[in-house]
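Asks: Chains as they are written, first to last, in my numbering: chain X, 1 to 692; chain C, 1 to 162.
Everything labelled a hint here was simulated from the structure, so no lab data went into it. Quantities reported herein were computed from a predicted structural model and do not represent experimental measurements. Hints are not guaranteed to be accurate.
[Said to hold, decoys possible] No farther apart than 25 Å at their CA atoms in a straight line, the calculated lysine to any residue pairs in the SDA-like style are these:
| no. | chain 1 | residue 1 | chain 2 | residue 2 |
| --- | --- | --- | --- | --- |
| 1 | X | Lys631 | C | Gly42 |
| 2 | X | Lys589 | C | Glu92 |
| 3 | X | Lys573 | C | Ser122 |
| 4 | X | Lys589 | C | Ala84 |
| 5 | C | Lys88 | X | Pro587 |
| 6 | X | Lys64 | X | Val199 |
| 7 | X | Lys573 | C | Ile124 |
| 8 | X | Lys589 | C | Gly42 |
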Amino acid sequence: MTGTADPEDRRPYLRRVSDFSAPGMAWVGTVRSPVSRGVLRSISIPHLPREYRSLTADDIPGKKTLQALGASVPILASGRVSYRGEPVALIVGPDRARVREAVRLARVAVDEERPSFPSDCFESGRLLARHRLDHGDVDGAMASAFRVVEGEFRMSPQDHYYPEPQGAAAAFDYDKMMVYASTQWPFNVRDEVAAALAVKDDEVVVQPTLLGPHLDGKIWYPSLLACHAALSALVCGRPALLVLTREEDFLYTTKRAPFLGTVRAGLDESGMLTALDARLALEVGAYGPLADDLAARAARTLGGAYRCPNLRATAWAVESNLPPMGAFAGIGTMSVNFARERMAEACALAMDADPSEWRSANAARKGDEALGQALRKAVPYDEIAALLLPASDYRRKRSAYELMRKRRDEPGEAPGSGIGLAFSAQVPAGIGSGAGPATEAASVEVELAMDSTLTIRTSSVPGASGTALAWKTEAAAIIGIDPADVTLEPVRTDRVPNSGLASLSRSVSVTTRLIVEACEGIRKRRFREALPIAVRKAYRPRTRKESSLDGASWAGAVVELRLDPLDGAPVLKGAWLVAKAGRFLLPAKARDSLERDVARALGQCMTERLELGAGPADQAAYASYRLARLKDAPPIRVELLEDESAAAPLGIGELAYATIPAAFANAMSQALDRPWNSLPGGEADARGEENG
Amino acid sequence: MNVQFTLNGKSATLSVDPMERLSDALRDRCGIQSMMNDCGIGLCGKCAVFLDGQLVPSCLVPMFKVRGRTVVTWEGFRGTAAHAAAAKAFGELGVELCGFCDAATMMAAGSLVAAPHEPTESEIVETMSSVYCRCASPTTVLAAARRALEAKSGKGRSRAAH
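Okay, chain X solo, but in the shape it has when bound:
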């Protein structure tokens, strides 16, 4: 829907959850645990009028837990509670205000136990997943290294702040339960609701509503709320709507998992990386959905673009009594990319080398081993740097700022200006990315009708309409028809095939490839067979052994900033990003989308502070959580590096998040002349305390 600026002229089929209304509709409110850990003693609900009901776990007719990417999460807690705000009961009734009042008056008695919150050390009992990559002789290489560089890196949790808080609605449509949910994964919603209601999968139909920029915050959690809404609709026999307030969403739903990593790098006399040794811990909150994926991706991301003959990465996913943490754009990779690119800068500094030259020298070449396999092509650092460095005037500015840093009169004062560089990849789905069976099940169906119109059926729900437009454009070009004759079937689980974890940027690349393959299949059969012709394509993980970096998209970023002389706060002067991601079907859309991501990523570096070390977020944290505004964004320039040899477009949704945080921190480190190793980092950090 390019250029649409009319709220009514927008995918009316996929309306917002909060717009749901139906005759006799009931509102659903959630009664929550008041403490972070303990044994549930009693739930006391105030006297409710006749049309109101309260529901507990005992009212669930089917499975009482949902399967959330390796974790078993209670739909309504019974027996024990594991985080503050955990749903223990529902109150359902026709008047929203009365439901809210009843929730407020409900009392939950818990025998409280000592909770665990994120800390620098953890007990083995809290360990949910562990992944280790080990090749070469790391200890030997470290012992013989000319120089060893060390760093400790932190990334705080972060709220997705998607445009609509989590919610779901449910209503009977004759013999089916219709569920409306703002979800990236409609088939998971269907399966979990069916299991909770003890009905067959095809008796539940899920229609996703508008998603908007979700930053992977709507993967499994909508399934939980959909179970609540569907249970309410079933028990009360009327349509039910559950929409969290923004405050509830902030306090009780998933955030980016807090990260703590320690990394050591061994260098030889020429500055070449000989060894990397890292311990990476991700706090995944209660129950730990995605624990295994997060740990796997973290471990595999460490080496990144660099040739490293000896590498040891151990990643842990650790449980705590915070609300379940989880994915953020990149699913566990964002934090590790940050740590690695900070280390790259530190290595260059230790060898008194230009950071770009250090990266260029250490970037993996064709035949180098990366993630256990030999690379079929070199990492495109030099190609990207050839565009990025002149565009940002990186070398000149960095030299000038280095001169300021080294020759300042008062060593106690910060130099005040800095420019930082970072380089990273976005690895495609399936190929060793730890994406698991959900993505591997991806399939699409494309049908050319007798009137030469084409219909694409997929459960992929693109967060940006540019993706849908790109699919239509590509499909039309392959078949040789007008893009206006291509229709994307509105997503409903009874009408489209399962495309797995639908809106992940990495999955969207898979979907795009399947659409291209299906259209090529139709083109070959078009004038040989009678219409209609339908082709279905499913993703199969490659059996051929190859490095996931060979199919990756790449980006380099530069951030320039200065420190305000009065309050020490960072003031952004500019940001540049160059991306190489296969063929760009709609370059203007891709550029726009990357520019938006750069602005968001910068905002997250600067202002979105959320500390959960002492316990879950409270109302004060919600009120003080500052979002970056349009006016906070510096001038941003995005360049695209076309790859004509690529068979299809690749994902770009994670590139800014993989590079901008490290580029920002590298600029801060130069501006302050001290390592800046934790994010977000705002005014307070810049003024005084050590960061990292």
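Since the structure of chain X is provided, determine the placement of chain C on it from the hints.
Replies: Quick look at chain C alone, frame taken from chain X:
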């Protein structure tokens, strides 16, 4: 209490708690669906309405303050020339909004177009920054707002020429 006010050009009377938020009343009682009732603390700007011609986040306005005043939501604003200029500019630049912030963004841009004076660059940036959403690139949103204003000044010049 009963609160009588003008909503999108028509008289409206609601029986409400005096402290009820205008945003809640508009969405839940008046069926206004263009605006989002989101953060509730004046942060996101997605519940923007014109209150006596001034763009305000309606979640910060208690209903007792609305008595006798004029409220215009996107539904009432969409028929105006200011809205048309803003929508045209956003459309021409291909600004892709997410479906949640569209109404507030259009009203913010439209408020600049409808302003009696020529907004300064700082006013443009501040006004467009009053709506928070992660969905669009800052550069294109600001460019669209500026283009809408160019159309306005063009119109002004053409009027002056006549």
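Asks: Compare the structure with each hint and give your call.
Replies: How the hints compare with the structure:
1. Lys631(X) - Gly42(C): holds (17 Å)
2. Lys589(X) - Glu92(C): Answer holds: Lys589(X) to Glu92(C) is near 14 Å, not above 25 Å.
3. Lys573(X) - Ser122(C): At roughly 17 Å apart (the allowed maximum being 25 Å), Ser122(C) and Lys573(X) satisfy the hint.
4. Lys589(X) - Ala84(C): At roughly 24 Å apart (the allowed maximum being 25 Å), Ala84(C) and Lys589(X) satisfy the hint.
5. Lys88(C) - Pro587(X): At roughly 22 Å apart (the allowed maximum being 25 Å), Pro587(X) and Lys88(C) satisfy the hint.
6. Lys64(X) - Val199(X): Roughly 13 Å separates the two Cα atoms, so the pair holds.
7. Lys573(X) - Ile124(C): OK: Lys573(X) and Ile124(C) at ~20 Å, within 25 Å.
8. Lys589(X) - Gly42(C): violated (31 Å)
Taken one by one, the earlier hints fail for this structure only at number 8.
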